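Line order of the protein sequences matches chains U and A.
So the first sequence is numbered by the working numbering: it starts at 1 and just counts up by one.
So the second sequence is numbered by the working numbering: it starts at 298 and just counts up by one.
Hints are supplied without guarantee of correctness; some may be wrong.
With a cut-off of at most 30 Å between alpha-carbon atoms, the simulated DSS-like pairs for lysine-lysine come out as follows [to be verified]:
1. Lys190/U with Lys400/A
2. Lys209/U with Lys190/U
3. Lys473/A with Lys190/U
4. Lys370/A with Lys190/U
5. Lys144/U with Lys238/U
6. Lys400/A with Lys209/U
7. Lys238/U with Lys155/U
8. Lys473/A with Lys370/A
9. Lys144/U with Lys155/U
10. Lys400/A with Lys370/A
Rather than coming from a laboratory, the hints here were simulated on the basis of the structure.
Please read these numbers as outputs of a predicted model, since none were measured by experiment.
Spelled out, the chains give:
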Amino acid sequence: MRRGSRWFAALMISPTLLVLVLVVLYPLLAAARESMYVRGEGLDADGFVVEGERFVGVANYAGLVGERFVNAFANTTVFTLATVAVETVLGVAMALVMHGVLRGRGLVRASILIPWAVPTAISGLMWRWVFQADGVANAIIGQKILWTTEGVQAKLAVIIADTWKTAPFIGLLVLAGLQIIPDMVYEAAKVDGASAWQTFWRITLPLVKPALVVAVLFRILQALAMFDLPFVMIGRGKFSVETLSALIWDEATQLRYGPAAAYGIVLIAYVSVIVFVFVRLLGADLLADARSRKERA
Amino acid sequence: MIALRGLTKEFPGGVRALDGLDLEIADGEFFALLGPSGCGKTTLLRTIAGLETPTSGNIWIGGTEVTSVPPGKRDVAMVFQDYALFPHMDVTANVAYPLRIRKVPRARREARAAETASRLSLSELLARRPAQLSGGQQQRVALARAVACHPRAFLFDEPLSNLDARLRLEARTFLKRLQRELAVTTVFVTHDQGEALALTDRIAVMSAGRFTQVGTPTEVFQRPANTFTAAFIGSTPMNLLPGTAGDGALRVAGAVLPLPGGVPDGPIVYGVRPEYMDLSLTPRADAFAGKVAVVENLGTAHLVTLESGEHLIQTVVPEGAEPSPGTAAWAVPRPGRALVYRDDRLVSPCPANGANR
Ligand SMILES: Nc1ncnc2c1ncn2[C@@H]1O[C@H](COP(=O)(O)OP(=O)(O)O)[C@@H](O)[C@H]1O
Ligand SMILES: [Mg+2]
Numbered sequence: 001m002r003r004g005s006r007w008f009a010a011l012m013i014s015p016t017l018l019v020l021v022l023v024v025l026y027p028l029l030a031a032a033r034e035s036m037y038v039r040g041e042g043l044d045a046d047g048f049v050v051e052g053e054r055f056v057g058v059a060n061y062a063g064l065v066g067e068r069f070v071n072a073f074a075n076t077t078v079f080t081l082a083t084v085a086v087e088t089v090l091g092v093a094m095a096l097v098m099h100g101v102l103r104g105r106g107l108v109r110a111s112i113l114i115p116w117a118v119p120t121a122i123s124g125l126m127w128r129w130v131f132q133a134d135g136v137a138n139a140i141i142g143q144k145i146l147w148t149t150e151g152v153q154a155k156l157a158v159i160i161a162d163t164w165k166t167a168p169f170i171g172l173l174v175l176a177g178l179q180i181i182p183d184m185v186y187e188a189a190k191v192d193g194a195s196a197w198q199t200f201w202r203i204t205l206p207l208v209k210p211a212l213v214v215a216v217l218f219r220i221l222q223a224l225a226m227f228d229l230p231f232v233m234i235g236r237g238k239f240s241v242e243t244l245s246a247l248i249w250d251e252a253t254q255l256r257y258g259p260a261a262a263y264g265i266v267l268i269a270y271v272s273v274i275v276f277v278f279v280r281l282l283g284a285d286l287l288a289d290a291r292s293r294k295e296r297a
Numbered sequence: 298m299i300a301l302r303g304l305t306k307e308f309p310g311g312v313r314a315l316d317g318l319d320l321e322i323a324d325g326e327f328f329a330l331l332g333p334s335g336c337g338k339t340t341l342l343r344t345i346a347g348l349e350t351p352t353s354g355n356i357w358i359g360g361t362e363v364t365s366v367p368p369g370k371r372d373v374a375m376v377f378q379d380y381a382l383f384p385h386m387d388v389t390a391n392v393a394y395p396l397r398i399r400k401v402p403r404a405r406r407e408a409r410a411a412e413t414a415s416r417l418s419l420s421e422l423l424a425r426r427p428a429q430l431s432g433g434q435q436q437r438v439a440l441a442r443a444v445a446c447h448p449r450a451f452l453f454d455e456p457l458s459n460l461d462a463r464l465r466l467e468a469r470t471f472l473k474r475l476q477r478e479l480a481v482t483t484v485f486v487t488h489d490q491g492e493a494l495a496l497t498d499r500i501a502v503m504s505a506g507r508f509t510q511v512g513t514p515t516e517v518f519q520r521p522a523n524t525f526t527a528a529f530i531g532s533t534p535m536n537l538l539p540g541t542a543g544d545g546a547l548r549v550a551g552a553v554l555p556l557p558g559g560v561p562d563g564p565i566v567y568g569v570r571p572e573y574m575d576l577s578l579t580p581r582a583d584a585f586a587g588k589v590a591v592v593e594n595l596g597t598a599h600l601v602t603l604e605s606g607e608h609l610i611q612t613v614v615p616e617g618a619e620p621s622p623g624t625a626a627w628a629v630p631r632p633g634r635a636l637v638y639r640d641d642r643l644v645s646p647c648p649a650n651g652a653n654r
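The following block holds chain A by itself, in its conformation from the complex (with noise of 0.2 Å):
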């Protein structure tokens, strides 16, 4: 378990990298750190593993509080963005390292780094070092690094980042199944709003040194507790336009849409993802009204960007349905699916217990 109270780090010059973060981890738990660039997640990463002190706030490990316990007593493994192999060692150095600052004996740490390695499908390179080896490689070596010692906690910092596509697909998945099969607790930081998703038990999303939301995949998919949230999950931008709330209706740039529940009258954020509305080519009440601007093809489907007075509106429609530019469309959003947002807290659906601060 990790745990957090009132973590705030304050770099020399006044950068406030984290801002009084509270969180709880569970065991075992798969657990991303989520944000755009700069948002503080290697900050908050490297303060966990103890290689930054943080200015406030304390930090416990498997229940222990290891605020002020040096790096290398906290029993955790970092992988590192750049993966830090060390370049004078060989992979089975590399990997057994750790295990050769515990005193472990030869024979033993290097048969764990062996099997270890061979677990990564790294036993050809045994021998390599790491300029010798590709990106790919050298991701899987630091990760064999990380899992060979055992640790209470893994601390991943992008590992992926470096992949090309195709790879990262195929260590996305090898990595979900080697943390189920390892069950240690892990916090895996990412600006990847997919990889979050597919990877992770819940997702904690980071915004200039804040949590905007901690919640389950579903949960911050689904009920993005507030715009920031919103706008970054998913993988087309979401559609958030300015609307106003009475009259038993929602009237949003034109369009007059159905009122959800719990939604007070006044003024209002409509939130709806470009894959839940459908094109119309017949003029309708309930949809927004626009000329098709432009057509981007996702391959399986179509993303249509539709000009609408001084909104731009996009929808996703499937494949062969796509209009030419310059028609006339009305994008329907489907009932049940929108968002609603007041002072940039979700109102409607009812947000999820807990799932947002």
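Looking at chain U on its own, in the form it has when it is part of the complex (with noise of 0.2 Å):
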């Protein structure tokens, strides 16, 4: 590119690069610099009472190791891995039922999505509700398992509650990749005898990956920051189902803002390198299908 134009290309995309700067940039720093610090009243090194700000270093990171921190991190990676492993079953499985049936397909596609429709919150009530000690779940499978209080069943209604609400999430992404499609592959595999199953292992699934990286990139994303299920269906600072979101909110209402700042750096740097692999191992291929169709065009 001549030098002229890659000013002006510059030019024409500051506005944008100012956009992101002020609302992605600044916060950013805003809080690694508040994870350095901490505030309100304390003593200094002479033993002097010191008001506002005060720099600490790494000090806001020590919680790193403690127990409360570690729980909550060990609670969000168990809830993203078991969520979207399940939901990405269940997304693709909604999606090829939403695309097969030729009668009553509006109703079909609507009563699938409904779910991703209800707001979390009121979904989290709804599945407290289900999950009473008098509840549904418990008639249904005639027990009397006490969901909602700490312990390993809590992390699993909460999985539960959370494939319900966005496997749709995953199913409408994966439908829009399957209705782009040709028929015609599917008829060239059936003359060639494939069987269904060989159909959608070799056929399908290779198709749709492009869309079904997507659909399952972006929860990953939102299930590395899940904050309310939990805190409506169990309760807040339940140790069993606390996140890192869940655990730098109460940080944060309890003004301690630093460490708060410090876990919300981790949570960002956490994020960043799982959606770096993820793209590393899977989104390669996708960048290289777009790449040659841009070739060809």
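Take the two lone chains, each set in its own frame, and fit them into one complex as the hints suggest.
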């Protein structure tokens, strides 16, 4: 590219860049700075009372090895892995059903998508009701499990509720991917003698992969930031379902902004690493496809 | 061998795309389904492949009845009009896919794919995806996919229609050679009469879900069984003119022409190809008199359209002999080249045995 046009390009994207700097970079830097300060009253090294902010270096990050942070980190990871894995399988199945039905298509699609339309706080309340001690869940399995109290069953309840809510999201995006596969490709496979199973694994899945990768990526980002569902369903500060977001929120509401900011920075780093690895493993192919399509055009 | 008995396909909504078809295609035969767009060629091919279920009638492939056998068990290979390559697989994987379904070990099927690809000059392209290939290359990949699995029959749906004119000619020659070499029964769908004449052993001309004629290219070209076939076959449209037979002569559009044998008296339709007429600039009784309306350059010849009363009559004249528009001219049919139809059936020359139904 010529020098002049490069400057022109820079000029043209500068408004976007400016907005990004304001709404992304500035808060990020502010949070990074915040994570190295403490606020409020304290004693300095000589025993004098100080007001306002005080630089403490990496002291706020000491909590990273604490039990509460490690637990929240583990919960976040478990929730993300479990919900995204189950939702991917269910979402693809839903998409195949939505794509396959010939009659009452609108009704099937609408009913599959309803959970996605319900606000999380509302569905949290609904599932809390389902998981009451004398609730629907226990009635169905004939047990007396205290789902919404501390313990591994609370984790399970959250995973079930989250899956119910967001599998349709994956279903919807995968459905869009399914709809652009031409029928002729399936017919070619049929004439070649491919079974339904072979067709699914070798034709359908690879061809919806671009859509599926995007859907799963979105879901991973959301799941890593999960906050409202455990909060509404199980309650505030419940150890067995406390996520990183919940921990950060809790620290902040107790005016411990420094540690809150430090955990926030760690969460961002964690999300970045996961996304990077994910795109590297699954997304590279997607980009290659897009590139070859562009070359041809 | 492929055989059809009373094959009928009615789509929901009442479209009768195939209307009681009977046909036998011999082993190793290169067979064309020729007809205008919408006449049911694709439907017939898809029904043979098993992608459509016939409403009634039966299909045999290689001596076994396959009417209700699923497509994958019919041992046929299909090349779709838009190739239907798998976009996420490279050329090797596309060509080897049917073999993979048949559980041929990886090394064997890749060797076979490479060998087939090299026959179709695709060796350089083995690692490419369909999106990185031109139309002609994609077409060859689709052919390679069909060829690699040695099926009992090839089903080709207008495989050359997406190619530009020059490439189409090359592909035509190539396809004919390939079919001869492999000697696999081939059903070739096309709406291009030139392609059908050039490529195949026999042609079924289709119109509105029926065969109007089944015969060799020579039969279909020289003795079209009805006026539909007559009008459809040939690179320039045949002249078809109403007339009467009687008193030992044919009277057609003002011309008095010799009466061929076997034509009973009465109303007839007279057909003659533009190529089988000569242009005279002096009056003749055995010619169509008219005024030159249009002269079209065909390269090695000219297509001249005469206005003769309410009829338009076309004739082909050699290079350098074209008249100028507006002049009077007489189109003289060559003896023995005329086709005479009564009630839309060929009565002269004698239709070849079994060539029409
Ligand atoms: N799936 C279908 N449903 C209803 N009508 C169809 C369908 N496929 C083809 N037809 C109709 O059947 C007739 C033959 O179509 P087709 O076999 O595609 O013709 P061709 O290949 O000779 O152009 C057409 O009138 C077409 O509209
Ligand atoms: Mg067609």
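These are the hints, each one checked on the structure:
| no. | hint | result |
| --- | --- | --- |
| 1 | Lys190/U with Lys400/A | holds (15 Å) |
| 2 | Lys209/U with Lys190/U | holds (21 Å) |
| 3 | Lys473/A with Lys190/U | holds (27 Å) |
| 4 | Lys370/A with Lys190/U | holds (9 Å) |
| 5 | Lys144/U with Lys238/U | holds (20 Å) |
| 6 | Lys400/A with Lys209/U | holds (25 Å) |
| 7 | Lys238/U with Lys155/U | holds (10 Å) |
| 8 | Lys473/A with Lys370/A | holds (27 Å) |
| 9 | Lys144/U with Lys155/U | holds (17 Å) |
| 10 | Lys400/A with Lys370/A | holds (14 Å) |
Hint check: no violations occur; every hint is consistent with the structure.
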